[in-house]
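Position chain B relative to chain A; hints supplied.
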Amino acid sequence: MAKKFTLWTSICLLILIGLAPVVSMFIQSLSVDGALSLKNYEMLFQSRREWLLLSNSLELAGATTLLTALFGVPLGILFEKTDLPFRRLFAILFVIPLMIPPYILATAWFYCLGRDGYAAGILGNPIGNYTSPFLFSLGGTLLVMVSALLPVFIILTMTYLRMINPRLEEAAKLSAKWSFVLRKISIPVISPGIFLAAIFVFILTIGEFGVPSSLHFDVFPVESFIQFSAFYNFNAATAAAIPLGLLTLMLLIIERLFLRKKTFQLRLTREPMIIVPLGKSMPFFLSAVSIAAFILVITPISILFIKSFSLRAYNEAFIQSTDSIVRSLLYASAGATCLTILGLFLGYLLERKSLRFFFAADSIAIFLFTLPGTVIGIGLISLWNTKVTNIIYASAAIILLGYIAKYTALSERIMAAGFSQIPRSMEEAAQIAGAGWFRRLSVILIPLAKRGLAGAWLVGFIFCLRDLDITMIVYPPAHDTLPVRIFTLMANSPEEVIAALSIIMVAITLLPLGTLALITKYRG
Amino acid sequence: MIVKIENVSKIYDEVPIVTNVSLEIGKGERVVILGPSGCGKTTLLRMIAGFVVPDKGGIFIDDLIVTKDGKNYVEPEDRKIGMVFQDLALWPHMNVYENLAFGLKAKKILKNERNERIEKILEKVQMTEYKNTFPGSLSGGQQQRIALARALVMQPKILLMDEPLSSLDLDLNLLLRKEILRLQEDIGITLIYVTHDRDEAFSLATRIVVMKRGRIMKTGGDKTGTSEEISGHL
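Chains A and B supply the protein sequences, listed in that same order.
In case it helps, this note's numbering puts the first sequence at residues 1 to 524.
In case it helps, this note's numbering puts the second sequence at residues 1 to 234.
Isolated chain A, as found in the complex (with noise of 0.2 Å):
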């Protein structure tokens, strides 16, 4: 009993802070002065405006889909399952773009591109008139979000990978050359982690708001905040926002159709990846991931590191933003809590499918991380800007609950993931000798799943740190965060300022990480 009542109230809390919003938003934006109507609708339609923003959203993720898969799956099988030198340290660092907000890195790339930027300071002035109007464009957008983007399909072709049963690539390898096994066998049973990833990548970047604006790139989230907080036309605003909910909405659907149809022979092995020798093609290999490296990630970090070089800039970087940081911490750290908590029963849930619905918690759960922020921030603000609920919306809650609603699909997946792993018999055995729900979660679940947990809490962390698109529109006045602050600087701080405040962010993402990493190295 008490069992049940914790899970359906874990349930209900993703619908009130998740899902609730959306619903609501969605039926704020069929009423017109007090009314039914489509009018806000009508009027997003006939726009031509509409129409060529849509377009560009769509161009733009269909063609980071498309580089970040190409570019994606083969260093994903370089780092897995090949004798690549430093293969994990190359990893590592091309998983780092995705622990910064996104736009840092199109800072970053503006000081570099930029009209007066370094490339134009080195190879003479009239550079900067080319690489200017590049990254200010499809082209230069698409570059910061292939680089941000670049980890999922790496991140998914790994794991993937580290599934297949070796035998599969064996029984090939009778037969066939590494190259043959590698495109018949290998990538075909690992397709389902790589259109998951496309799936991710499409509706991460539909939904990003913070790379396309500060690169002047105009789509769909752009205009959903730009009517919401310029012209403060909510409606226009959540009409705006309502087609990528619902391509949202359509991606997932598919993803879940295609995915239960092909879930080959994957699973934890404890058996040893089949490792590929390059051979005699190795020092290709090498250069090329040492040149996508440096373009892709050392190029932009270290531009940020130059331009940011001096005791000054730090100190003003400090003055100006020591507020942001602490509170960036705060919340991301509350966050994380309530996100690992959450995870916690609700990846029980989808794990051991203790209650019917445990697949509509899910559902729910994915939708609400797929949605773009923007939408999920006004959706917030359409429910909890009342009279009543007033102490809620103007406080730092309402940030904590954009956490929520956004990224417990990951504390739900990794706390899952863990429980997998955890024989259904070991609680079951504490149930016999008489042990109770809270007392089995207590001395049995939650010690044996204190790695999920960590995870869980790192990764929450993470991602609540570097959010930019809900923050961005729910903050009450002065509970901005860093990434909020470095956003609003952006326009009229020196830039060595900007750039000191992106490398303490990137700092301060890195930290929790490098911690981890030590620990994990010390205990073994």
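These are calculated hints, taken from the structure and not from any lab test.
All values derive from a computational prediction rather than experimental measurement.
It is possible that some hints are incorrect.
What the hints assert, rightly or not - Derived DSS-like pairs: lysine-lysine, alpha-carbon spacing no greater than 27 Å straight-line:
id, chain 1, residue 1, chain 2, residue 2
1, B, Lys157, B, Lys4
2, B, Lys68, A, Lys280
3, A, Lys177, B, Lys157
4, B, Lys105, B, Lys131
5, B, Lys108, B, Lys120
6, B, Lys68, A, Lys177
7, B, Lys124, A, Lys280
8, A, Lys177, B, Lys212
9, A, Lys450, A, Lys353
10, B, Lys71, A, Lys280
11, B, Lys105, A, Lys177
12, B, Lys27, A, Lys280
13, B, Lys178, A, Lys177
14, B, Lys4, A, Lys177
15, B, Lys120, B, Lys27
16, A, Lys177, B, Lys120
17, A, Lys177, B, Lys107
18, B, Lys56, A, Lys280
Okay, now just chain B, sitting in the frame of chain A:
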């Protein structure tokens, strides 16, 4: 000799798995390597296939050095070996025809010959009507037959089988043993079969090799010793 194993040893994480094993196998023989779990029999089989490289010693196939002293000289795909794995390892995204055609395509066998060989082998394992079926829709026994057909369609000189019947119920196990014997006699292929089941070993082998703790405890010429003798070594 078609397979000659000379003093091979393998150590994993400082634990010796196979120690100084030597064995010679003649053309057309049915050798069963029998031993308890963890005795190194699968590792020995995987060394012959080329998936595990012995730290010491050498393996010769048809008088050609395929591996010696920690180095593979011939890749698995060039050893002319077929293998049936314990979990069968049928490719789930390919239907029966595609599973069988994979190796033939890799070896660039022309389409006509490819189809002919597939038809022929499917007939031999009595699975012709399942050509377009995916492995997930086949029963355990049918999957076994397809795994066997996939190995044999490549016309290998040696067929390796790693406890392929261990997950089947007794009736199906007995039926498939007979089919393996029939096919082996029909094709005349050399069979190296790994199992921990004594009955299976006795029903299939022309020679039984008993392994324990990484070493060969007993090997004989024609049909090794009595059941009691073998029990003494296990």
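These are the hints, each one checked on the structure:
1. For the proposed pair B/Lys157 and B/Lys4, the alpha carbon gap of about 14 Å is at most 27 Å, so the pair holds.
2. Taking the CA atoms of B/Lys68 and A/Lys280, the gap is about 21 Å. The hint holds against a cut of 27 Å.
3. The straight-line distance between the Cα atoms of A/Lys177 and B/Lys157 is roughly 19 Å, inside the 27 Å bound, and the hint therefore holds.
4. Among the hinted pairs, B/Lys105 with B/Lys131 is consistent with the structure: their alpha-carbon atoms are about 17 Å apart, no more than 27 Å.
5. Restraint check for B/Lys108 and B/Lys120: the C-alpha separation of about 19 Å stays at or below 27 Å, so the hint holds.
6. For a cut-off of 27 Å, the pair hint linking B/Lys68 to A/Lys177 stands: about 21 Å separates their Cα positions.
7. The straight-line distance between the Cα atoms of B/Lys124 and A/Lys280 is roughly 42 Å, outside the 27 Å bound, and the hint therefore fails.
8. Using a Cα cut-off of 27 Å, the hinted pair A/Lys177 and B/Lys212 is violated, with the two alpha carbons roughly 34 Å apart.
9. Taken as a hint, the A/Lys450 and A/Lys353 pair is honoured in the structure, with Cα atoms around 21 Å apart against an allowance of 27 Å.
10. Between B/Lys71 and A/Lys280, the direct Cα distance comes to roughly 17 Å. Compliance with the 27 Å bound is thereby established for this hinted pair.
11. For the given pair, B/Lys105 sits about 11 Å from A/Lys177 by alpha-carbon distance, which is consistent with the 27 Å threshold.
12. Between the alpha carbons of B/Lys27 and A/Lys280 the distance comes to roughly 36 Å, so the proposed pair goes past 27 Å and is violated.
13. Of the pairs offered as hints, the one joining B/Lys178 and A/Lys177 is violated, with about 34 Å between alpha carbons and a cut-off of 27 Å exceeded.
14. Distance check on the hinted pair: B/Lys4 and A/Lys177 sit about 25 Å apart at the alpha-carbon level, within 27 Å; holds.
15. Of the supplied pair hints, the one linking B/Lys120 and B/Lys27 holds, its CA atoms being roughly 23 Å apart against a limit of 27 Å.
16. Between A/Lys177 and B/Lys120 the alpha-carbon distance is near 25 Å, which keeps this suggested pair within the 27 Å criterion.
17. For the given pair, A/Lys177 sits about 9 Å from B/Lys107 by alpha-carbon distance, which is consistent with the 27 Å threshold.
18. Under the criterion of a C-alpha separation no larger than 27 Å, the hint pairing B/Lys56 with A/Lys280 is consistent with the structure, at around 25 Å.
When held up to the earlier numbered hints, the structure conflicts with 7, 8, 12, 13 and fits the remainder.
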